[in-house]
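Student: Spelled out from the first residue to the last, the chains are:
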Amino acid sequence: MWQWFFKLGSPKWFYELSGKWLPWLVAAMSLLLVIGITWALLFVPPDYQQGNTIRIMYIHVPFASISLAFFPLMAVAGTITLVWRMKLADMVAKTAAPLGAWFTALALISGSIWGSDIWGTWWIWDGRLTSMLLQFFLLVGVISLRSALEDTDAAAKACAVLSIVGCINVFVIKYSVDWWNTLHQPSSPIGMAGDSANGPEIWVPLVIMIVAVYLFFAVSLILSTRNEILQRERRSKWVQELLASA
Amino acid sequence: MLAALQFSSIGEFFQMGGYAFNVWTVYVLFLLFFFVNLYFPLIREKQIIRELKRRLIVRNEVPANKHD
Amino acid sequence: MTERRITTAAAFRATLARDLLIAYKRKNDIINPFMFFLIVATLFPIGISPDPQRLGEIAAGVLWISALLAAMLSMDNLYRADYEDGSLEQLLLSPHPLYFMVLAKNISHWLVSGLPVVLASPLIAYMLNLPTDVYFALFMTLLLGTPVLSLLGSIGVALTVGLGSRGLILAVITLPMSVPVLIAGTMAVQQTLNGAPLTAYLAILGAMLLASITLAPLASAAALRISIN
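Protein chains in written order, with my numbering: chain A, 493 to 738; chain B, 986 to 1053; chain C, 2 to 230.
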């Protein structure tokens, strides 16, 4: 029963499988992105309050939603690293951290540009913004710890511990910052734009964009993980054979 | 389908109802991030393969740990 | 295993006593974080405004941030000397659960660097013109909150103990983690000033303290094992 799990942990198996899947993922991602962006830019009706800035939502919301997935992902990968010593889990965790920092940064920047008009300011100490910023700092912490530790194995375990602690902390920070914020000011207009019962002409393209950005994340993660595999497994027989045949 | 188009001219499309800067900055940033994020790993892959091949030829490295 | 006469409780007490003795002999460990706290708190009136009215408004935040920075600065002492002279390795080899050993070290660290700051806080609060009604709130929140800072910081130090230069990494890792404590602490003071009951905030800080006493030493212990090997 566990066989598939350990098979999944074999870098060679992952490398071959991801090689087969990549073209399909890229095709699906490109198709959805083209549809999503065209729809968002050309066909979504302007919001009665925000006008055309509503189109920023179709970039911002997918990025913001996927940014929340990074710490849980890294914590799960970290647990697998610590418990089962699976090399692949750490390779994924290693590539996920910088990717997460970039996604979080883009979510913050796009939100700030969107908010510059609705709120009339580029930054407010709103609960969501603040917890996103802190998550960004925590991700930078994981990245710098990884780069500071030279030994790959020690770095893997240390980052695994930090990711698990960080994941718990991200949730505590999120709740505490929301609590801090709600006593200071009413909820943010972001929520109203995204969550309210809008018609399908608003949310269908949003769903398409969310799926597209998730696929984009998967493709970037797979590409970087494959590079990581090649580098770390360079002495193994299968990589040598791969190189000889390439 | 064309009836659902929200803009009547290209110029209007680029103006975004006065929000050209906000909307286009976000979309350009996204596209930039998108391509960079796909381009760099691919370049890196080529580099790694070239580098590893060179080592393979120069030193004919002995496999240290034998995975299958 | 009849030769193992020392109980875990005795080992815990021995570690605690040893660390306190070392701190007592090296007075710097006690004086430095405390002086740092005083100096940082002094910088705020100079940097922002000597106006008593404005100072009173920010006093609680200033005290909390100064305490946080003092805790961060003193964190380095927690494992470094022990790492360098090899006694940390001995601690890892001991048959007792590392959890209790780490907890003992954290408690001694807090007694040495956190408690003086807590005790001095009313004095600084007076100098910063904090309204007298909230002295108790400030004191209690610092008393419950600074141990959490020590316990969280310990994880960061344990992860980076083997590194040569780690000042900035330590700050990047541990400062974001201490945000919930900072929020609970400063909000307690603010809301007490507005007439809200303090107990709810003390309960939250107490819960944070209990959670970090149970979980943080586990993470620190795991991190130490990784860093030493």
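Hints were generated in silico from the structure; no laboratory data involved. Glycine residues also receive a C-beta, built at the ideal position from the N, C-alpha and C atoms. Don't take every hint at face value.
[Unchecked claim] Label pairs and their calculated CB-CB ranges:
#1 C:Thr215 / A:Ile616: 29 to 39 Å
#2 A:Leu514 / C:Asn195: 53 to 63 Å
#3 C:Leu199 / A:Thr571: 37 to 47 Å
#4 B:Ser993 / A:Pro590: 35 to 45 Å
#5 A:Phe663 / B:Ile1028: 19 to 29 Å
#6 B:Ala1005 / A:Phe663: 35 to 45 Å
#7 A:Ser639 / C:Asp77: 38 to 48 Å
Student: Now, for every hint given, state plainly whether the structure supports it.
Tutor: How the hints compare with the structure:
no.: 1; hint: C:Thr215 / A:Ile616: 29 to 39 Å; in the structure: holds (36 Å)
no.: 2; hint: A:Leu514 / C:Asn195: 53 to 63 Å; in the structure: holds (58 Å)
no.: 3; hint: C:Leu199 / A:Thr571: 37 to 47 Å; in the structure: holds (38 Å)
no.: 4; hint: B:Ser993 / A:Pro590: 35 to 45 Å; in the structure: holds (43 Å)
no.: 5; hint: A:Phe663 / B:Ile1028: 19 to 29 Å; in the structure: violated (37 Å)
no.: 6; hint: B:Ala1005 / A:Phe663: 35 to 45 Å; in the structure: holds (39 Å)
no.: 7; hint: A:Ser639 / C:Asp77: 38 to 48 Å; in the structure: violated (20 Å)
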